[in-house]
Amino acid sequence: MSQLPFALGEDRLRTLYLLPLAGNEHAVLELRADAARPLRWNGLPVDSLSVADYLAKPVVGPCYDAVFLVGVLGRPTHSASVGTAQQLIEIASGALRPGGMLVAHLDHGAAPKQIWHLLKRDRGLRGLHRLRGFETAARCTASVNASGFQDTECYYVEPHADDPAALISSHPKAAKTHFVRTIRRNRPLYSRSGYWTRALCVQVGLGGLLQPHLFLWARKRC
Amino acid sequence: MLTVIMEAARQNGWFDTALPYERSIYLSRGASMWMILSREGRPDTFLKFSHLVDLQPEALRFRDAYAAFPRHAPPFVGHSQRKDLSMMATRAVDFTAVTAATWLSRQDSTRVREELERFFIEAGDSAVSGATDKVLGSLQELRLHYEQHSLASLALPALDAAAAWLTDLPPIAQHGDMVMNNLGLRADGRLVVFDWEDYGALWLPGLDLFTLGYSFDEQIRVVMGDRSCAWTLPTRSMQAASGLDPATMERLWLVHALGFLYLKRNYGPDIQAQLHRLISEGKAQCRSKPTHRPAGRLGR
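Read top to bottom, the protein sequences are chains V and X.
In this text, residue positions in the first sequence follow the working numbering: the first is -16, and each later residue adds one.
In this text, residue positions in the second sequence follow the working numbering: the first is 31, and each later residue adds one.
In case anyone wonders, no lab produced these hints; they're calculated from the structure.
Heads up, the beta-carbon is just placed ideally off N, CA and C, and yes, glycines get one too.
Treat the hints with care, as some may be off.
DEER-style ranges, computed between Cβ atoms [what the hints assert, rightly or not]:
1. X:R112 x V:D(-6): 20 to 30 Å
2. X:P100 x V:P41: 54 to 64 Å
3. V:A129 x X:L82: 47 to 57 Å
4. V:S174 x X:A182: 39 to 49 Å
5. V:G77 x X:G43: 37 to 47 Å
6. X:S156 x V:G188: 52 to 62 Å
7. X:G219 x V:H100: 18 to 28 Å
8. X:P87 x V:G77: 38 to 48 Å
9. X:L82 x V:D146: 12 to 22 Å
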């Protein structure tokens, strides 16, 4: 047994949605912001493409069982035709077979840290415009459901999508309890001040605002 | 999503997925992951799963731990294997974390201390007479691990010396990760102890007392800085319940540290480096008796 088989953050996320598909004849598309790279996951071939490359030659008709949007929602796609998260979701929906799975992680537009980062990166409000409708976990869920998906779940990524340790329920009744357990367990990840800041924010119900990323998955309606 | 896992939990009778629930998913660098399932925010079930390893040995440890410590261990629910998916479940317990702030409250700190003493009394009662082979087996396991280790010159003599007399002490299955981060207080005042996956992995008398003291020292320093701690854990009554005394704990300090480092061998590099440094530098970090006792809140 490999002692640390999922050292890479991306692999930890993939194991949630790709391992159940491995070993079967499933088609998976991964759309990324950066350049494409060949990918084979436990024998499962994954079409890994940059958004720009995919849009230059998109598939015709729904032919994928799963589409994973790797940190592209709300970010520049280098395409004139696609500028918003909603447009990318619709593209993913078009590529998915009925019942297929959409998976994505994106910037949490309501997190103060992320708002500052978006303003700096895009030199103004354009970054926020791209995320319109996906700023919060609740709006993200509603937007995805409105795009023809069901069973949508949206989580806060702790501490961040590059090195995820936990996906925390965004359900308003559960978030606080789950955050308390999570920061307790992940205490070695934080500095002393970072831990106490998190603990305080969680106690007053603001744990979600600390999280820079959201993770979502949903199923395309049949 | 994770449909197979949730369906298996339902079919096993572990968790009724027909009713509304919430979940959080915990991703580890290791081969298994887990979920906390809750209803309206109240934790209900802890579900661990893996497509890469068989969780049955770990599940059996959780089961045995609950049988030995029904007051302190989360209730064990079950284990199942479906094709390459191995799962185990326990009931999730609602709790307040035991943190540095706990020790600032006389009421809370007294409660935790009393519950810990009760835990070690129960542990002492669970000593298995005639199980000296388990103690020797643990020492042998450590010896094999440290033969090619950078600490070999320090470890092997200590382990060999301990083998001569360690079997005179009561053989008690150790939790293996008895640290502050694995403790919680329930609303009814009972202590809950988590993470039993290493339960019985090492039968080193006093190991849990050592890890408790080590993590307590690390945590109380958050509150008090580098001043010597007024509180001492483990207390003498905890040691006595395990058939130990302060002098014996001192004598076993290096063996305990080596055992703890061994159990953490699959964890990230930070904790390994921390323990490695601790052993190499031979630091005691508030061992068996207090060196300073300031007046005020932090009691005896």
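Checked hints:
At roughly 23 Å, the beta-carbon separation of R112 (chain X) and D(-6) (chain V) lies within the given 20 to 30 Å, and the hint holds. As the Cβ distance of P100 (chain X) to P41 (chain V) is approximately 59 Å, the hint placing it in 54 to 64 Å holds. Checked against the given bound of 47 to 57 Å, the beta carbons of A129 (chain V) and L82 (chain X), roughly 37 Å apart, lie outside it. For S174 (chain V) and A182 (chain X), the Cβ-Cβ distance of about 34 Å falls outside the hinted range of 39 to 49 Å, so the restraint is violated.
Separated by about 41 Å at the C-beta atoms, G77 (chain V) and G43 (chain X) satisfy the suggested range of 37 to 47 Å. As the Cβ distance of S156 (chain X) to G188 (chain V) is approximately 42 Å, the hint placing it in 52 to 62 Å is violated. A hinted range of 18 to 28 Å is violated for the C-beta pair G219 (chain X) and H100 (chain V), which are about 44 Å apart. About 47 Å separates the C-beta atoms of P87 (chain X) and G77 (chain V), a value consistent with the hinted range of 38 to 48 Å.
Remark: the range hint 12 to 22 Å for L82 (chain X) to D146 (chain V) is upheld by a beta-carbon distance near 20 Å.
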